[in-house]
Amino acid sequence: MLKPLLLIIGSAALLMGCQSAPQQVQAINNPGGDVNLMFHRESNFVGSLKDANVSVDSIEVCSIPNGAECKTTVSAGKRTIKVDATFTIGHFSKEYTLESGKTYRFIISARNAQLVAVAAGAGIGSLAGGDLGAIAGATVGEVADYQLNKNGTSVDNGAFTMEPFHN
Numbered sequence: 301m302l303k304p305l306l307l308i309i310g311s312a313a314l315l316m317g318c319q320s321a322p323q324q325v326q327a328i329n330n331p332g333g334d335v336n337l338m339f340h341r342e343s344n345f346v347g348s349l350k351d352a353n354v355s356v357d358s359i360e361v362c363s364i365p366n367g368a369e370c371k372t373t374v375s376a377g378k379r380t381i382k383v384d385a386t387f388t389i390g391h392f393s394k395e396y397t398l399e400s401g402k403t404y405r406f407i408i409s410a411r412n413a414q415l416v417a418v419a420a421g422a423g424i425g426s427l428a429g430g431d432l433g434a435i436a437g438a439t440v441g442e443v444a445d446y447q448l449n450k451n452g453t454s455v456d457n458g459a460f461t462m463e464p465f466h467n
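If you want this note's numbering, it's the position in the sequence shown, counting the first as 1, plus 300.
Keep in mind that the hints are not guaranteed to be accurate.
[Claimed, not checked] With a straight-line Cα cutoff of 30 angstroms, these simulated DSSO-like cross-link-like pairs (lysine-lysine) come out:
#1 K402 to K371
#2 K382 to K402
#3 K378 to K394
#4 K394 to K350
#5 K371 to K394
#6 K382 to K371
#7 K350 to K382
#8 K382 to K394
#9 K371 to K350
#10 K402 to K378
#11 K378 to K350
[As the list claims (entries may be wrong)] The following label-pair restraints were derived from C-beta to C-beta distances:
#12 P322 to T388: 18 to 24 angstroms
#13 N336 to F387: 29 to 35 angstroms
#14 S400 to Q323: 28 to 34 angstroms
#15 I407 to T373: 27 to 33 angstroms
#16 S454 to R405: 16 to 22 angstroms
#17 S358 to N336: 16 to 22 angstroms
#18 T380 to H466: 29 to 35 angstroms
Derived from the structure by calculation, the hints contain no laboratory data.
Every residue, glycine too, gets a C-beta built ideally from N, C-alpha and C.
Construct the entire structure; sequences and hints are all you get.
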C-alpha cells in the first residue's frame, strides 16, 4: 500500500517540477514611450514550430517562441499591432488606441481555423495528385481562408490570433 502511494507522490512531484514560468524573450526593437505592451504566447502543440512575429506600426518588436513572453514600450496614440509567422499567408492585425501610462497585455494563440483549412486542402489535394496535390491543396486552403477573414479595419486570417488579456 505504501509503495503505490510513494510512486504517485513521486510522479506528481516530478511533473510539478517540470512546470516553470514562461520564458522571457528580449524585444527586437523597443520604440520607447510610456505605454507598456506585454505579449504572452500560449504554449501548445499547434503552431509550435513557428515564432509569433509581433509588429507595432510596421516595426517588428518581438519574435516570440511557443510558451514565451515579450515586453516592449511604445508612445500613446493609435497603434496597429500585427502578429504573423514567417512563410505563411495571412496575419492578425488590429488598431488599438493606447493611453499614456497604461499597461496592455495580449494573449497570442494558434488560429485553428487556418490550420483546418490548410489540412482540408492538403487532404483533398493529396487524393487528386499525391504529394504535389497535397502542397497545392494546402496552399489553396490557406489562400481561401486568407480571403474570407479580412476586412477594412482588422484582419484575422493568419497562423496566429491575438486578444487583449483583462485582469
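Verification of the hints:
Pair hint K402 plus K371 holds up; C-alpha atoms about 13 angstroms apart against a cutoff of 30 angstroms. Between K382 and K402, the direct Cα distance comes to roughly 20 angstroms. Compliance with the 30 angstroms bound is thereby established for this hinted pair. Under the criterion of a C-alpha separation no larger than 30 angstroms, the hint pairing K378 with K394 is consistent with the structure, at around 10 angstroms. At most 30 angstroms may separate the alpha-carbon atoms for a hinted pair to count; K394 and K350 meet this at roughly 21 angstroms.
Of the pairs offered as hints, the one joining K371 and K394 holds, with about 18 angstroms between alpha carbons and a cut-off of 30 angstroms not exceeded. Taking the CA atoms of K382 and K371, the gap is about 15 angstroms. The hint holds against a cut of 30 angstroms. At roughly 15 angstroms between alpha-carbon atoms, K350 and K382 fall within 30 angstroms of each other, so this suggested pair holds. With a CA separation close to 7 angstroms, the supplied pair K382 and K394 stays within the 30 angstroms bound.
Pair hint K371 plus K350 holds up; C-alpha atoms about 19 angstroms apart against a cutoff of 30 angstroms. Simply put, K402 and K378 have alpha-carbon atoms about 14 angstroms apart, close enough for the 30 angstroms limit, and the pair holds. About 28 angstroms separates the Cα atoms of K378 and K350, which keeps this hinted pair within 30 angstroms; it holds. Range check, P322 to T388: about 23 angstroms between beta-carbon atoms, so the 18 to 24 angstroms window is met.
At about 30 angstroms, the beta-carbon gap between N336 and F387 stays in the expected band of 29 to 35 angstroms. At roughly 30 angstroms, the beta carbons of S400 and Q323 sit within the given window of 28 to 34 angstroms. One distance hint, 27 to 33 angstroms for the beta-carbon pair I407 and T373, is violated here, with the actual separation near 19 angstroms. Under the hint 16 to 22 angstroms, the C-beta atoms of S454 and R405, about 19 angstroms apart, fit the expected range.
Separated by about 20 angstroms at the C-beta atoms, S358 and N336 satisfy the suggested range of 16 to 22 angstroms. Between T380 and H466 the CB atoms are about 21 angstroms apart, so this pair departs from the stated range of 29 to 35 angstroms.
Against the hints set out earlier in the document, violations occur for numbers 15 and 18.
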